[in-house]
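Participant: Sequence:
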Amino acid sequence: MAQDKRQVDAITARDVDFAQWFTDVCKKAELIDYSSIKGMFIYRPYGYAIWENMQKELDRQFKATGHENVAMPLLIPESLLQKEKDHVEGFAPECAWVTYGGAEKLEERYCIRPTSETLFCEHYKNIIHSHRDLPKLYNQWCSVLRWEKTSRPFLRHREFLWQEGHTMHATAEEAMDETVRILNLYASFCEDYLAMPVTKGRKTDKEKFSGAEDTYCVECMMYDRKALQAGTSHYFGDGFAKAFDISFTGTDNQPHYPHQTSWGVSTRLIGGIIMTHGDDNGLVLPPRVAPVQAVVIPVAQHKPGVLEASQKLLERLQAAGVRTKLDSSDKAPGWKFAEYEMRGVPLRVELGPKDMEKEQCCIARRDTGEKAFIPLAQLESAVLRLLDEIHDNMYAMAKKNLDDNTFSAETWEQVKEIIERNKGGFVHTKWCGSRECELAMKEKVGVSSRCMPLEQPGTTGKCPVCGKECATDIIWGVAY
RNA sequence: CCGGGUAUAGCGGAGCUGGUACCGCGCCACAUUUGGGAUGUGGAGAUCGUGCGUUCGAGUCGCACUACUCGGACCA
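Per my numbering, residue -1 is the first one in the first sequence, and the count goes up by one each step.
Because the hints were derived from the structure by calculation, they are not lab data.
Don't take each hint at face value.
[Stated by the list, open to error] No farther apart than 30 Å at their CA atoms in a straight line, the calculated lysine-lysine pairs in the DSS-like style are these:
1) K240 - K206
2) K329 - K398
3) K369 - K204
4) K329 - K26
5) K26 - K414
6) K240 - K61
7) K83 - K54
8) K81 - K147
9) K147 - K224
10) K26 - K147
11) K421 - K198
12) K398 - K421
13) K224 - K421
14) K36 - K61
[Stated by the list, open to error] The following label-pair restraints were derived from C-beta to C-beta distances:
15) V96 - G444: 15 to 23 Å
16) V14 - R42: 38 to 46 Å
17) D190 - K421: 25 to 33 Å
Ideal placement from N, C-alpha and C gives every residue a C-beta, glycine not left out.
Using the sequences provided together with the hints, build the complete structure.
Facilitator: Structure, rendered in structure tokens:
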């Protein structure tokens, strides 16, 4: 392997130590750097650019479905956070608190937002009075802070970037529609933009968001067969509205409580694409969010005309809407090949004197490593076609990994056997709905419930723990 | 939060029974090179994670702290 020639850039093999491979990729591809505070990471330009591309597309879709962006305060007074009982119980253990303003000790301490439901509710109380004020479809892009005990790049930060949507609706049905609309939006975003197949489902009471009536989620399977929760969409009913005393006058001239949702995805998605698609040569980025979709590498660039011709390729691809970079640095071509592979750039366009004679260029795919010689006249169409093909192929490979590692079982012993033999994966069983049986699975098998899939077969069977006859399908797995 | 490991130049490492630090890669300059991580010559770069202590003297010994990392717990 090329990268073995240099220790400096060596990346731990993926199958030898997946955790170390992941950290190596994050560092070597210059996505992220550590800061001096545990769990607080620096998003470097290349890593942040991936987030910006995700953000751009999600923001477009949010706006297309009627949502508006707002910016709420960073700090939450303790008294405000405490208004909803379940919510504060869930988040208080991981809050960081501001207790001083300048040299003065504050009368009341302020929590640095771990999530902003309470802030939105306080505001909604002031602006929602009539059914004409509904729905309110707000979203904010911000960072939040949760004092996690263990942290890992992208997967679990103390401070992380995300978007949080908070909406208010006149009826439960409308709020539930919104919850599902966003769940579907997240699912199609993961599949169509990140090439990550998802399983849509509902969380158990144990796993749902603190204060929510229902939490829906998209669960993905990483290359190492562990589960990653990629996005969540919560239905709150009118619980927060009651706790925060938010009401509106309906067409019937009677007071009503509005129904609420919240939903979010975070920079954890970047961790997801790394662990779904990466290989032993480093990152493999889904073309639709890759900061650089094609890199033009001149070969023998000191020879007359090569740089100029390469520059022309750059301009043509940029004009065709392809995010393209030309690397005319004086590194050797082989060095550049390895470098951009490590960084996951989907396509490499090589141009040298021999190609110029034949009016062609060489295009190499990151996902398969295949090289093809393309007539210069067909440059744009070939590149655009290949980017789509790469996306489809990356999706298909990830889907195969998901399908190959998804199983069904009837008893907890079978689940344990499958998880141990397969070193992870998803196992479908029936579930009686009791927390005791869910906890027993963690205890006996070491798995947690991922979700109850939205698509239920409607059959009945036995709970793998208590053996009771039941109808609900549930998925178990080891999660990040 | 509990237990194990680690911290020396940008990166990876060496540094003995205490004496102010060495190697490879990278970096800078010049020359020759360029189709899978080029070669030569010259050069720069470190208060040894932080703080306190022992000592004539600490990278080395002791204590504390911080961060990273692997298990576990917790969390989503």
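Participant: Each hint should be assessed against the structure and marked as holding or not.
Facilitator: Comparing the hints with the structure gives:
1. For the proposed pair K240 and K206, the alpha carbon gap of about 20 Å is at most 30 Å, so the pair holds.
2. With a C-alpha separation of about 38 Å, the suggested pairing of K329 with K398 is violated against the 30 Å cut-off.
3. Straight-line distance between C-alpha atoms of K369 and K204 comes to about 50 Å, which puts the hinted pair past the 30 Å bound.
4. Between K329 and K26 the CA atoms are separated by roughly 18 Å; this keeps the pair inside 30 Å, and the hint holds.
5. The hinted pair formed by K26 and K414 fails the criterion: a straight-line CA distance of about 36 Å is larger than 30 Å.
6. Distance restraint check for K240 and K61: the Cα-Cα separation of roughly 28 Å lies within the 30 Å cut-off, and the hinted pair is therefore satisfied.
7. Taking the CA atoms of K83 and K54, the gap is about 35 Å. The hint is violated against a cut of 30 Å.
8. For the hint pairing K81 with K147, the CA-to-CA distance comes to about 26 Å; that is within 30 Å, so the pair holds.
9. The hinted pair formed by K147 and K224 meets the criterion: a straight-line CA distance of about 20 Å does not exceed 30 Å.
10. A C-alpha spacing of about 25 Å is found between K26 and K147, which places the hinted pair at or below 30 Å, so the restraint holds.
11. Pair hint K421 plus K198 holds up; C-alpha atoms about 23 Å apart against a cutoff of 30 Å.
12. The straight-line distance between the Cα atoms of K398 and K421 is roughly 16 Å, inside the 30 Å bound, and the hint therefore holds.
13. With a C-alpha separation of about 9 Å, the suggested pair K224 and K421 falls inside the 30 Å cut-off, and the hint holds.
14. This hinted pair does not check out: K36 and K61 have alpha carbons roughly 35 Å apart, beyond 30 Å.
15. Checked against the given bound of 15 to 23 Å, the beta carbons of V96 and G444, roughly 38 Å apart, lie outside it.
16. V14 and R42 have their C-beta atoms about 26 Å apart, which leaves the hinted 38 to 46 Å range violated.
17. Between D190 and K421 the CB atoms are about 30 Å apart, so this pair conforms to the stated range of 25 to 33 Å.
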